[in-house]
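Protein chains: 2
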Amino acid sequence: MPRVSQDHLDARRRQILDGARTCFARYGYEGATVRRLEEATGLSRGAIFHHFRDKESLFLALAEDDVLRMTEVVAAQGLVQVMRDLLSTRPAADGEPHNPANWLGTRLEVSRRLRTDPEFRTRWAERSQQLTVATRERLLRQREAGNLRDDVDVEVLTAYLELVLEGLVSHLAMGLPADDMDPVLDVVEETVRRHRRSG
Amino acid sequence: MPRVSQDHLDARRRQILDGARTCFARYGYEGATVRRLEEATGLSRGAIFHHFRDKESLFLALAEDDVLRMTEVVAAQGLVQVMRDLLSTRPAADGEPHNPANWLGTRLEVSRRLRTDPEFRTRWAERSQQLTVATRERLLRQREAGNLRDDVDVEVLTAYLELVLEGLVSHLAMGLPADDMDPVLDVVEETVRRHRRSG
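One line per chain: the protein sequences are E and D, in this order.
Taken in order, the first sequence gives residues 110 to 308; the numbers are from the numbering used here.
Taken in order, the second sequence gives residues 110 to 308; the numbers are from the numbering used here.
Careful: at least some of the hints might be erroneous.
Claimed, not checked - Negatives, chain E to chain D, calculated, CB over 10 Å:
no.	residue
1	Ser114
2	Gln124
3	Arg236
4	Gln251
5	Leu272
6	Glu275
7	Asp289
To be verified - To spell it out: a stretch of chain E is covered by chain D in this simulated footprint if at least three of its residues, at any positions, have a beta carbon under 8 Å from a beta carbon of chain D; those stretches are:
no.	region
8	219 to 225
9	257 to 267
10	276 to 286
11	290 to 296
Treat the hints as calculated values from the structure; they're not laboratory data.
Fair warning: this is a prediction, and the values are worked out from it, not measured in the lab.
Glycine residues also receive a C-beta, built at the ideal position from the N, C-alpha and C atoms.
Let the sequences and hints guide you as you build the complete structure.
This is the structure we're talking about:
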């Protein structure tokens with residue numbers, strides 16, 4: 110047996126995550142059967158479950174991966190940018206090219222399972238905390254830079270942004286049109302960013 | 110057979126709706142069996158389905174009833190007040206007295222079914238439109254009275270408020286704590302109400 114390099118392992122792991130993302134987004138958690146995961150990743154179940162203990166671990170790794178990338182976007186551009194990314198990367202229809210930055214499918218599944226699966230809720234709590242922390246830190250930096258309104262507590266603004274994010278995910282989950290959402294997100298962004306006085 | 114007066118019919122209908130509201134809120138749509146509906150309303154299935162064709166019709170009547178009352182609150186106090194009411198009337202735990210103004214249980218079920226049941230989505234679209242219309246009309250009146258910011262289109266502000274409402278319902282559906290939500294809703298209300306300039 111040749112020794113498998115770390116680079117190779119990482120690349121394989123990435124390949125599995127990318128395929129699984131499409132698969133979960135298209136079929137949902139329950140609908141993403143092992144056979145479909147094999148098709149989507151181009152790998153055998155043996156190879157997939159060599160890297161991930163089971164489907165649940167694979168899904169959590171994927172969701173965690175997304176949270177990590179979201180926190181990067183939050184750190185650089187704020188939580189409203191995450192919302193704009195969600196809007197611009199809706200699940201590709203059959204035949205459309207897959208957008209590897211697509212967060213929505215996984216996010217919808219996370220939201221659904223949070224509502225229906227108390228055990229998942231517990232397991233997810235710690236991970237979702239990372240996004241809250243990143244959002245709060247970004248707001249604190251923005252406040253120091255004088256870009257944030259200073260009449261409302263950063264905790265409150267963090268909760269505000271997370272509430273709107275939840276609304277957006279729910280809106281998309283219900284299949285409601287989101288074409289006119291950009292000016293709404295402008296309002297959200299402006300609410301947080303600048304201190305404004307009564308005119 | 111004595112002639113049944115309209116008042117009596119209305120009271121009976123109200124009794125069924127009130128009991129069914131508690132029942133759907135506690136057990137969910139699928140879990141609200143006919144037996145449980147009988148217990149919750151104190152009426153036989155014969156009496157219940159004399160007034161409503163089937164469980165689906167009963168649920169829709171209930172949800173419609175809620176939308177009507179919500180539009181009244183919107184007209185008088187705005188959509189943010191509906192959100193505050195949702196926060197203050199969370200489902201009563203076992204043994205707690207039932208709050209007849211409780212909208213959340215039904216609203217959670219509507220949201221869940223909108224996500225999972227395309228047929229329900231179609232049937233609901235027209236009814237939910239009433240709330241949008243009431244919100245828009247309230248905002249237009251507020252604008253005329255000079256209470257509304259005038260740098261953002263009323264359509265955008267309506268969509269903004271509805272997005273936050275969806276976020277709140279989703280937040281509560283996930284069982285997340287909502288104790289600190291009041292100052293967040295203050296931010297939402299203030300965002301819409303007053304025109305503010307950069308400070």
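Taking the hints in turn, this is what the structure says about them:
{"no.": "1", "hint": "Ser114", "result": "41 Å, holds"}
{"no.": "2", "hint": "Gln124", "result": "31 Å, holds"}
{"no.": "3", "hint": "Arg236", "result": "14 Å, holds"}
{"no.": "4", "hint": "Gln251", "result": "15 Å, holds"}
{"no.": "5", "hint": "Leu272", "result": "4 Å, violated"}
{"no.": "6", "hint": "Glu275", "result": "4 Å, violated"}
{"no.": "7", "hint": "Asp289", "result": "6 Å, violated"}
{"no.": "8", "hint": "219 to 225", "result": "holds (count 4)"}
{"no.": "9", "hint": "257 to 267", "result": "holds (count 6)"}
{"no.": "10", "hint": "276 to 286", "result": "holds (count 8)"}
{"no.": "11", "hint": "290 to 296", "result": "holds (count 4)"}
Violation of the numbered hints given earlier is confined to hints 5, 6 and 7; the remaining hints are satisfied by the structure.
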